[in-house]
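Enquirer: Now for the letters of each chain:
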Amino acid sequence: MNPFGYTRAGDVAEAVRTAASDGAAQFIAGGTNLVDLMKERITAPSRLIDITRLPLRAVESLPDGGLKIGALVSNHDLAYHPEVVARYPLLSQAILAGASPQLRNMASTGGNLLQRTRCYYFYDAALPCNKRAPGSGCPALAGVNRIHAILGASEQCIAVHPSDMCVALAALAATVHVTGPAGSRTIEFAAFHRLPGDTPERDTNLQPGELVTAVELPRQGFAAHASYLKVRDRHSYAFALVSVAAALELEDGKIAEARLALGGVAHKPWRDPTAEDLLRGRSPDDALFARVGEHLVRDARGRGHNDFKIALVRRAVVRALQQAVAGGSQA
Amino acid sequence: MTTGKPHDRVDGRAKVTGQARYAGEFSAPDLVHGVVVTTAIARGKIVRIDAAEALALPGVLQVFTHENAPRLAWRDRSWRDMVAPGGSPLRPLHDAEIQFSGQPVALVVAESFELARHAAGLVVVVVEAAPHQTRLAEVEAEAHEPARGKKGYTPPPKPRGRADEALAAAPVRVEATYEHPALHHNPMEPHATTVVVEADGNLTIHDKTQGVGNSRDYVCKVFGLSTDQVRVVTPFVGGGFGSGLRPQYQLFLAVLAARELRRSVRVVLTRQQMFTLGYRPWTRQRVALGAERDGSLRALVHEAVGNTSRFEDYCENVVPWSGVLYECPNTRLEYGVAPLDLYTPIDARAPGAVTGLWALESAIDELADALDLDPLALRLRNYAEEDQDHRRPFSSKALRDCYREGAARFGWHRRSRAPRSMRAGPLQIGWGMATGIWEAQQAPSQAKALLTADGRLHVASASGEIGPGTYTIMSQIAAEQLGLPIAAVRFELGDTALPPAMIQGGSATASSVGSAVLAVCKALQHSLLKLAQTMPDSPFAGRGLDDVVFLDRGLRLRSGTADAVPIAAIMRHAGLGSLAEQATAIPDMARQSRYTSNAHSAVFVEVAVDEALGTVTVKRVVSAVAGGRILNPKTARSQILGGVVWGIGMALEEHSMLDHGLGRFVNHNLGEYHVPVHADVPEIDVLFVEERDDVVNPLGVKGLGEIGIVGVAAAIANAVFHATGRRIRELPITLDKLL
Numbered sequence: 001m002n003p004f005g006y007t008r009a010g011d012v013a014e015a016v017r018t019a020a021s022d023g024a025a026q027f028i029a030g031g032t033n034l035v036d037l038m039k040e041r042i043t044a045p046s047r048l049i050d051i052t053r054l055p056l057r058a059v060e061s062l063p064d065g066g067l068k069i070g071a072l073v074s075n076h077d078l079a080y081h082p083e084v085v086a087r088y089p090l091l092s093q094a095i096l097a098g099a100s101p102q103l104r105n106m107a108s109t110g111g112n113l114l115q116r117t118r119c120y121y122f123y124d125a126a127l128p129c130n131k132r133a134p135g136s137g138c139p140a141l142a143g144v145n146r147i148h149a150i151l152g153a154s155e156q157c158i159a160v161h162p163s164d165m166c167v168a169l170a171a172l173a174a175t176v177h178v179t180g181p182a183g184s185r186t187i188e189f190a191a192f193h194r195l196p197g198d199t200p201e202r203d204t205n206l207q208p209g210e211l212v213t214a215v216e217l218p219r220q221g222f223a224a225h226a227s228y229l230k231v232r233d234r235h236s237y238a239f240a241l242v243s244v245a246a247a248l249e250l251e252d253g254k255i256a257e258a259r260l261a262l263g264g265v266a267h268k269p270w271r272d273p274t275a276e277d278l279l280r281g282r283s284p285d286d287a288l289f290a291r292v293g294e295h296l297v298r299d300a301r302g303r304g305h306n307d308f309k310i311a312l313v314r315r316a317v318v319r320a321l322q323q324a325v326a327g328g329s330q331a
Numbered sequence: 001m002t003t004g005k006p007h008d009r010v011d012g013r014a015k016v017t018g019q020a021r022y023a024g025e026f027s028a029p030d031l032v033h034g035v036v037v038t039t040a041i042a043r044g045k046i047v048r049i050d051a052a053e054a055l056a057l058p059g060v061l062q063v064f065t066h067e068n069a070p071r072l073a074w075r076d077r078s079w080r081d082m083v084a085p086g087g088s089p090l091r092p093l094h095d096a097e098i099q100f101s102g103q104p105v106a107l108v109v110a111e112s113f114e115l116a117r118h119a120a121g122l123v124v125v126v127v128e129a130a131p132h133q134t135r136l137a138e139v140e141a142e143a144h145e146p147a148r149g150k151k152g153y154t155p156p157p158k159p160r161g162r163a164d165e166a167l168a169a170a171p172v173r174v175e176a177t178y179e180h181p182a183l184h185h186n187p188m189e190p191h192a193t194t195v196v197v198e199a200d201g202n203l204t205i206h207d208k209t210q211g212v213g214n215s216r217d218y219v220c221k222v223f224g225l226s227t228d229q230v231r232v233v234t235p236f237v238g239g240g241f242g243s244g245l246r247p248q249y250q251l252f253l254a255v256l257a258a259r260e261l262r263r264s265v266r267v268v269l270t271r272q273q274m275f276t277l278g279y280r281p282w283t284r285q286r287v288a289l290g291a292e293r294d295g296s297l298r299a300l301v302h303e304a305v306g307n308t309s310r311f312e313d314y315c316e317n318v319v320p321w322s323g324v325l326y327e328c329p330n331t332r333l334e335y336g337v338a339p340l341d342l343y344t345p346i347d348a349r350a351p352g353a354v355t356g357l358w359a360l361e362s363a364i365d366e367l368a369d370a371l372d373l374d375p376l377a378l379r380l381r382n383y384a385e386e387d388q389d390h391r392r393p394f395s396s397k398a399l400r401d402c403y404r405e406g407a408a409r410f411g412w413h414r415r416s417r418a419p420r421s422m423r424a425g426p427l428q429i430g431w432g433m434a435t436g437i438w439e440a441q442q443a444p445s446q447a448k449a450l451l452t453a454d455g456r457l458h459v460a461s462a463s464g465e466i467g468p469g470t471y472t473i474m475s476q477i478a479a480e481q482l483g484l485p486i487a488a489v490r491f492e493l494g495d496t497a498l499p500p501a502m503i504q505g506g507s508a509t510a511s512s513v514g515s516a517v518l519a520v521c522k523a524l525q526h527s528l529l530k531l532a533q534t535m536p537d538s539p540f541a542g543r544g545l546d547d548v549v550f551l552d553r554g555l556r557l558r559s560g561t562a563d564a565v566p567i568a569a570i571m572r573h574a575g576l577g578s579l580a581e582q583a584t585a586i587p588d589m590a591r592q593s594r595y596t597s598n599a600h601s602a603v604f605v606e607v608a609v610d611e612a613l614g615t616v617t618v619k620r621v622v623s624a625v626a627g628g629r630i631l632n633p634k635t636a637r638s639q640i641l642g643g644v645v646w647g648i649g650m651a652l653e654e655h656s657m658l659d660h661g662l663g664r665f666v667n668h669n670l671g672e673y674h675v676p677v678h679a680d681v682p683e684i685d686v687l688f689v690e691e692r693d694d695v696v697n698p699l700g701v702k703g704l705g706e707i708g709i710v711g712v713a714a715a716i717a718n719a720v721f722h723a724t725g726r727r728i729r730e731l732p733i734t735l736d737k738l739l
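Here the protein sequences line up with chains A and B, keeping their order. The opening residue of the first sequence carries number 1 in the numbering used here; numbering runs sequentially from there. The opening residue of the second sequence carries number 1 in the numbering used here; numbering runs sequentially from there.
Hints in this document: simulated from the structure, not taken from any laboratory. Treat the hints with care, as some may be off.
As the list claims (entries may be wrong) - DSBU-like cross-link-like pairs, simulated, lysine-lysine; straight-line CA separation at most 30 Å:
#	chain 1	residue 1	chain 2	residue 2
1	B	Lys15	A	Lys39
2	B	Lys634	B	Lys5
3	B	Lys634	B	Lys530
4	B	Lys634	B	Lys448
5	B	Lys448	B	Lys15
6	B	Lys221	A	Lys39
Stated by the list, open to error - Quick look at which bits of chain B chain A covers, simulated, 3 or more residues with Cβ under 8 Å:
#	stretch
7	531 to 538
8	629 to 641
9	663 to 669
10	672 to 682
Unchecked claim - Label pairs and their computed distance ranges (CB to CB):
#	chain 1	residue 1	chain 2	residue 2	range
11	B	Pro29	A	Glu83	52 to 58 Å
12	A	Leu195	B	Lys15	45 to 51 Å
13	A	His305	B	Lys634	39 to 45 Å
14	B	Val16	A	Asn205	45 to 51 Å
15	B	Lys634	A	Asn205	54 to 60 Å
16	B	His660	A	Thr199	51 to 57 Å
17	A	Ala223	B	His678	25 to 31 Å
18	B	Asp76	A	Phe4	44 to 50 Å
19	A	Phe4	B	His660	35 to 41 Å
20	B	Arg160	A	Ala287	56 to 62 Å
C-beta: ideal position from N, C-alpha, C; glycine also.
Model the full assembly from the supplied sequences, consistent with the hints where possible.
Expert: Following this line, the structure appears as C-alpha cells:
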C-alpha cells in the first residue's frame, strides 16, 4: 500500500473540488473494494476523499412515482428498504444475492456501481493487464478465463463487471445522478458503464472529478413479475458466472413490458433491448423464452474455459423468465 | 470416567476471547517487520534486484536478497526437515535460480509493517524467464518412483496374482481415469513467524508449525546453531491440515533477518502468498476393475501419477488402500511422481488416501452400475476380512458396522437403483456412498507431569494444537488417570523446552501423545500407590495398580469398602509438596507389526441437481466412523464435520487454477479459490460405531484427523451420477461439467 493523503469532504462541492484539483485522488465511501485494491497495489490513489459525511443517505419517493436513492445508502439498507422491497423486489433480490451481510453493511450504492472486476489477472499486480496497466497485455485471453466475458469483449480485455445490484438497475432503467466540476448531470444506466474496446482501463463514463450522488429509479418497478437469478460456483459469496434480471409487466396474459439484463457475461451489465422487443406483446411460454435466450447470445464468443456460459445464458434466461412469470424469487 | 464424555474445549474461552496467541501475534519491544517479495515467473533466473528505492525510505532497515544473504549450511541434508521428501529442499535467497512462480526472492524489513509492505512494492526484480512446464499430462511419461527419504511413504505392494490377465478374462469390466487438480490447504491462520532475539542472543521463535521440534531442528541445522540457542514456542495453530508439517520459508526468512539485524522480526505471509506454499498434488489415476457377474472382484488395477517439483520428490500413499480394502485375488498397484515447474506439494489432510479413495470408490460405484447391483451390496460382497497384501489380520475393523449403521441412519434401503430415478420437484435427487480408510499409527512421544499437594496436575509435551482438541483430550486422559476434575489439570504443549513429541499429523496425536500422557500418569499412580502403602494401616499394603482406582481426588481399593485416601493426604504424609514424573511411550512394534490397523468410515450423501443450470446442492451427509475408542465425542464430531466440509469443497468447488502460459496459480485468494460456505454445508450426521482395539496403542484410539474427509468426494460424485446419469471423473464437479 502506498502512502496517501486523506481529506474528509464537508459537502459535495468540496469533494468535487478536491477531486478536480488532484487527478489521482479517489473518493472513498464503504471502501469494501477500494481498500483491497490499494493493499494489492492495483490502485494507488494520491489522496482519499472521504465522502461518508456527505448528506447522501436518503431514499426519497419522487413526485413522478420514482425513487431516488442517495449514493451513500448502504447495500443492506437499500435491500431492506420498505419501498424497495415492495416496489422494486428485483433490486432487493439482486443486492441480497451479492457479497455477505458484513460487506453489504459497509458497501454503498454509489460504490457498488464503481466496484472493479475480479479478473484474476487484474488482481495480480505481478502480471500484465491492460485494464490495470494499459498496453501491457491481457493474459486472460489465452489463460484461465472461466469467469470472463462472452459478450462485448475486445482483444484488449475480457473482464466482466462484478456487480449484482447493477444488473437489476440496468433492467429497471435507472438513472445515475452525478456532480462534477462542470456541474450536475444525469446518466442513463445503460450509458454509465463502458465496454472495454481499446480503453479497458475505463470502467465508466464518469468524467474526472465526477461524484455519484444518487441513483434514480423510474416509477415502473415490475413488482408483480420480477426475478433475479444468479448462477455461481457456490451457494453464497461468489460472483455470478451468469445472472439474469428479468422483469415483466403482464396484461391479459400477454407481456406488456419486458426487461432483461445479464450479469457475469460482459464488461458492463448487459441489456439488449432487441431481446426485450421479442417478448413484448407475446404470450409467455418456454419456446418464446428459449428464442430470447438464443437471441441474447447470438454474438457471444467463448474463449475456452468460459464457453459454457453461452449455453448457461440460454438456460438461465428461460429460468429467470419462468420465475418472473410465476412472480417468484430465485429458486 | 472423564474420557468418552463430550467435554467442551478447555482452550475454547481463550480462543474466542483472543487470549490464545498465534505465531504472528507475539511481539517484542525491538520488533521489526518483514514482508516477502515473490517472483511471477515459473522458471529462470534473477538478473538483478534493484532495492534502492525501498532502501531509501526512512525506517526501511534492509532488503535481503540472494546477493546479500549470508552463506549458510552447504549440504542438502542440513536443509532437509524431519518430514522432507527426497531431493534438494528450497533454499530461499540462495542463488539467482527461480524454480517456481511465487518463489520468495527478497525480504524487506522495516520498522513498521505498513512501511515494509510499501517498500516491498518498490523492489524491482528483473528476471530472465526460461521455458517451463506445468501440464501434468505432458510429463506423465516421465513419471518415476519417488526418491527415497519421505517419512511414512510406503512404495506400492508387489502385485498379487495376475491382474491384467484376470481383468481381460473378467465377465464385467470397468476402467476409467480420474483426476483432481492441485488443492491448497487455506488454513484460516496464514503462515507466520515471530523471532524474538533474547538478551543473551538466543532465539525464541513463534512459528506456525505442526511440529515445534521440526522447526527448531531445521533452524539449528541451517544456521549452524545448537538446540539450546533456539526455542520454538507455538501454543496455538489456526489450522494446519498438513501445510505446517514442514518449516516454511517465512521461518527461514524471519530467522535470517533477526540474526543479521540483531532485532526481533515478524514475517506474516499474505493470503496470496499462501498459494506459494505446498498443496495436495495434482493427480491422475487409472482404475480398472474386473468382476464376476455376482460382483466378486477378480481383478483390480490402480495406477496413479501425482505431480511433484523439479527439486524434490513429494510422494504419498495413493494406491496401497486399493490392495487392502477389498478382497481380490489379482491386484496391480502402481504409483509414480512427475516433475513440474511448481513448488513441491506437501501433505494435505489424509494425504494419498483422499486421492486414492476418490478414484477407487468412484470405480466401485461404476462397477455396481455395470453390474446393476446396489453399491453397498457390492462393497459387502468383497469385504476384506484380512490384509491380503501383508497376509495379516486387522487389529480391528468395524467397517461392516459403519456400513450398516450409516445406511440405517441414512435410509439407504429406500434408494432406487437406477440413475435419474429419484426426483424432488424440478430437481434430480441422487444418493451416493463411499468408503473411507486411514491408517492408525503411533509414534514415540514423551510427556512429563507435576502433581502438587494442592491436587493440581500439570502435564506437558511438545505436541501441537492445530485445532483437533489436543489440550482437551490430553487433559481428559490425565484427569481420568488420577481421579481429578478436568479443571484441576493443565496441559501444556507447543514448546521445544518440553519433552519431545511427534509432529502433529497423520491422525496420530491422540494415539502417540495420549499414550505418553497415559504413561506419565501411570508413573504418578505408581508413585502415589507406593507412598500410600507407607501410611499407617494402609489398606493398599501388598496391592498393585490393578487393585486400586483413582477417583474423586483420592485412591481407593477397586473392591471392598475401605475409605478412599485423598491424594493430598498421601502427599502430606510423605512430606511432598509435589511429585514429578516423565515418561516415554513407544509403540509396541513387536505386537503392532503383526496386525494391520486402520480407521474406516462409510459416507452417505444426498445431492440435488438442477439439471438446467448444472448446480449441485449437497442435501445431507451421514458419516459413520470406526475410529477405535472415542475420547471426546464433541471434539471428535467436530473433526469429522471439518473433514466432510473439506470433502464437499474438494468434490464441488476447490481448484487451484494453473495458468500454463504463466506457470502460475492464478486464483490465489479466498474470493476466487472457493471453499464451502455455510450455504453449501447441509446437516452432517456423524456417528461413531463401537470399536475396541487393544493393539493400536494403550488407549485404543485410532485418530480422527484424516478419516472424516476420505471418501467424501467419491460419495458426492457417485450421488451426482445417481441423480443425473453423468459420471464426472475430473474434480471439482462444477456446473459447467453438468450442463
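Enquirer: Does each hint hold? Answer for all of them.
Expert: To see whether the hints hold, each was checked on the structure:
1. In summary, the hint linking lysine 15 (chain B) to lysine 39 (chain A) is supported, as the alpha carbons are separated by about 28 Å, within the 30 Å threshold.
2. At roughly 8 Å between alpha-carbon atoms, lysine 634 (chain B) and lysine 5 (chain B) fall within 30 Å of each other, so this suggested pair holds.
3. Under the criterion of a C-alpha separation no larger than 30 Å, the hint pairing lysine 634 (chain B) with lysine 530 (chain B) is inconsistent with the structure, at around 36 Å.
4. With a C-alpha separation of about 26 Å, the suggested pair lysine 634 (chain B) and lysine 448 (chain B) falls inside the 30 Å cut-off, and the hint holds.
5. Restraint check for lysine 448 (chain B) and lysine 15 (chain B): the C-alpha separation of about 25 Å stays at or below 30 Å, so the hint holds.
6. About 36 Å separates the Cα atoms of lysine 221 (chain B) and lysine 39 (chain A), which puts this hinted pair outside 30 Å; it is violated.
7. Restraint check on the stretch 531 to 538 of chain B versus chain A: 0 residues with Cβ-Cβ distances below 8 Å, three needed, restraint violated.
8. Figure legend: the stretch 629 to 641 of chain B, annotated as covered by chain A; annotation inconsistent (0 residues with Cβ-Cβ distances under 8 Å, at least 3 required).
9. Remark: the stretch 663 to 669 of chain B is confirmed as covered by chain A, as 5 of its residues place a Cβ nearer than 8 Å to a Cβ of that chain, reaching the required three.
10. Only residues whose beta carbon comes within less than 8 Å of a beta carbon in chain A count, and the stretch 672 to 682 of chain B has 7; three or more means the coverage holds.
11. Separation of proline 29 (chain B) from glutamate 83 (chain A) is about 56 Å and conforms to the stated range, judged on CB atoms against 52 to 58 Å.
12. Between leucine 195 (chain A) and lysine 15 (chain B), the C-beta spacing of about 49 Å keeps the proposed range 45 to 51 Å intact.
13. Checked against the hint of 39 to 45 Å, the C-beta distance between histidine 305 (chain A) and lysine 634 (chain B) comes to roughly 43 Å, which is consistent with it.
14. A hinted range of 45 to 51 Å for the beta carbons of valine 16 (chain B) and asparagine 205 (chain A) is consistent with their spacing of about 48 Å.
15. The supplied range of 54 to 60 Å is met by lysine 634 (chain B) and asparagine 205 (chain A), whose beta-carbon atoms lie about 58 Å from each other.
16. Taking the beta carbon of each, histidine 660 (chain B) and threonine 199 (chain A) are about 29 Å apart, not inside 51 to 57 Å as hinted.
17. Range check, alanine 223 (chain A) to histidine 678 (chain B): about 30 Å between beta-carbon atoms, so the 25 to 31 Å window is met.
18. The hinted range of 44 to 50 Å is satisfied by aspartate 76 (chain B) and phenylalanine 4 (chain A), whose Cβ atoms lie roughly 46 Å apart.
19. Taking the beta carbon of each, phenylalanine 4 (chain A) and histidine 660 (chain B) are about 37 Å apart, inside 35 to 41 Å as hinted.
20. In this structure the hint that arginine 160 (chain B) and alanine 287 (chain A) lie 56 to 62 Å apart at CB holds, the actual value being about 59 Å.
The structure is inconsistent with the numbered hints 3, 6, 7, 8, 16, although it conforms to all the rest.
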